[in-house]
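Chains as they are written, first to last, in numbering that gives the first Met the number 0: chain A, 0 to 239; chain B, 0 to 239; chain C, 0 to 239.
Think of the hints as simulated: they come from the structure by calculation, not from any bench.
On a predicted model such as this, the values are computed, not experimentally measured, just so you know.
Please note that the accuracy of each hint is not assured.
Just so you know, same-sequence chains aren't split out, so a pair can sit in one copy or run between any two.
[To be verified] The calculated lysine to aspartate or glutamate pairs, modelled on DMTMM-like cross-linking and capped at a C-alpha distance of 20 Å, are:
| hint | residue 1 | residue 2 |
| --- | --- | --- |
| 1 | K86 | E129 |
| 2 | K208 | D225 |
| 3 | K162 | D225 |
| 4 | K162 | D1 |
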Amino acid sequence: MDLVANTLLSAGASPAMLHTIEEIPDFTPHVRALYVNVGTLSANWLPSMKAAAQLASQLGKPWVLDPVAAGASGFRLNACLELVQLKPTVIRGNASEIIALSRASVGPTKGVDSSHESMDAMEAARCLAEASGAIVAVSGAVDIVTDGRRVVGAHNGVPMMQKITATGCSVTALIAAFVAVDPLHAFEATASALSVYGIAGEMGMSMAKGPASLRMHMIDCLHGLDQAALLSRTNITALS
Amino acid sequence: MDLVANTLLSAGASPAMLHTIEEIPDFTPHVRALYVNVGTLSANWLPSMKAAAQLASQLGKPWVLDPVAAGASGFRLNACLELVQLKPTVIRGNASEIIALSRASVGPTKGVDSSHESMDAMEAARCLAEASGAIVAVSGAVDIVTDGRRVVGAHNGVPMMQKITATGCSVTALIAAFVAVDPLHAFEATASALSVYGIAGEMGMSMAKGPASLRMHMIDCLHGLDQAALLSRTNITALS
Amino acid sequence: MDLVANTLLSAGASPAMLHTIEEIPDFTPHVRALYVNVGTLSANWLPSMKAAAQLASQLGKPWVLDPVAAGASGFRLNACLELVQLKPTVIRGNASEIIALSRASVGPTKGVDSSHESMDAMEAARCLAEASGAIVAVSGAVDIVTDGRRVVGAHNGVPMMQKITATGCSVTALIAAFVAVDPLHAFEATASALSVYGIAGEMGMSMAKGPASLRMHMIDCLHGLDQAALLSRTNITALS
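Next comes chain A alone, as it looks inside the complex (with noise of 0.2 Å):
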């Protein structure tokens, strides 16, 4: 959640982070967009998580799904899966967990780092864009974006960033605030926000000197990044 929200400020969002049933039908009506997070999964939870995004369904804000792990346990697994049947504008994951939503099986996994390349997701995430109707993005060396026909790939980012615990969880929260900013173009978004990232762990890498320092220069770059680093760095190609 740190990582998350300072991720979100850094880029100019106002985060929230509610996990309390009783707050959902007050709250959830003044966002411009959710993020479900199933990270650090409990019971007590889920609930939450599904009536939140029944309201923004509902509501016709727009909503995103982050299915950490979805393969490591078949409770997990479900719930996943319950919550692509209400209807989440995207969902972004790494090649296991896409895999694992798209089969709707469990493991084997290595727990919330992926044992698949994002490319061997690609079938994978454009059956869950069709079955799903949603936007799906497989977080890899390069990142997939579908909508179940078209594909596009972002290219940017660097390895390091895997090392990084949350970074996966914090550029599915940057999806959802560039798509809170332009709803009508959530395929566009999506990839937007995956290259905006990438690009802000380019930059950050040409300081680091190790997992850390990366961290915190990633979001002092994302911060600070202009028009001019985005277009002379942005690397989205069609691949299909």
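With chain A held as given, fit chains B and C onto it using these hints.
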């Protein structure tokens, strides 16, 4: 919790974070001050908060309330109002939170970020202080502290501190630590804590390249603060 | 959890954090080591901790216990004593925690910070190791490791590490990672992990300006550690 704990450790305090009602009767008698923060409020944490506040009051120990996003939902506002009934020594919030508490009314809100300037909340702060018997502090461009009669402003700090999650929570923790040391002068302790945290921000800002490096430098500066820096930088004035 | 996860990732491990009892049966069989930390203990997490520990023991997987603030309350002490019954491979605490566990007695305590030196806890550690069958480690100016007969001291580290929250929790996580790699030499793995973490602290300290930059440099250094640094800096001695 991470930034709060590190802020307290850097300032020389010895924090412990507990949530469970089972531990309150054993542990609360050992604390020098209690800090209750409703940030990620859940229904099952509220009884612990109230039990701890009640016990602290009974034992004559100072306790400090941070009514995070008080106006964001009816559930949260009621929780905060119930806590205010338990006689906090100090209440510290942003302008929107103090206005919500003072008027006992929900929203409009941006979530955890204030949609009001601190000076707009001066009258609300004074009323809340009178009604509750607490010192009330409002963070903002100028930090305001009032006991219902006196009002002082602490003018330290830099705007980028608002781009770091939990800086508000952390300064409230610092207030609790200062009040623990000098419980008979809670008004002065509160103003000093706000000023000291702002000074750490100012000193950190001279080295920072963005919000994440500011966060790091702030804590380092708080740890290294000496009397000379405090004497030359403290900027507290009477506002009425 | 943030520092723990980043410490593990920097050291090359692949951590996953789970709390929910529903996930234990599916997930625990996939881990190479289990780490149970009672830091922010709540009544509904305890059954998950016990179920995971029991399953790890049954499956012959190493598991490591961090009895955070064991003496702070009767509830916490009982929870820790119940966990000790489930045959942890290693128990790592500060002196006050190990003394509380060994005597099965509550406080006096300062909360999560130790009010004893590690050397004061040597006899308590030895007793606890004999009674429990676990390797027992006590962090402090000198880190002590004992299996009840042998006692070694790891002399690496710097005092400022105590001004960073969760460094104790993080070194216990590193012990779990080391024991996962070499479960047949848990005694040596524990001493090595304590020394390696201390070396990262020493190397980080040469660049640090305070606790927050030390935290960053420590993780960077842990990630960048090479055999030369380890060979020249490791300082482990027999204490009896």
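We went through each hint and held it up to the structure:
For the identical chains of this complex, K86 and E129 are intra-copy neighbours only, at 12 Å inside a copy versus 49 Å across copies, given an alpha-carbon limit of 20 Å. For the identical chains of this complex, K208 and D225 are inter-copy neighbours only, at 14 Å across copies versus 24 Å inside a copy, given an alpha-carbon limit of 20 Å. Only between protomers do K162 and D225 lie at most 20 Å apart by alpha-carbon distance; the minimum there is 17 Å, versus 26 Å within a single protomer. For the identical chains of this complex, K162 and D1 are neighbours both inside a copy (16 Å) and across copies (12 Å), given an alpha-carbon limit of 20 Å.
In this structure, every one of the numbered hints holds.
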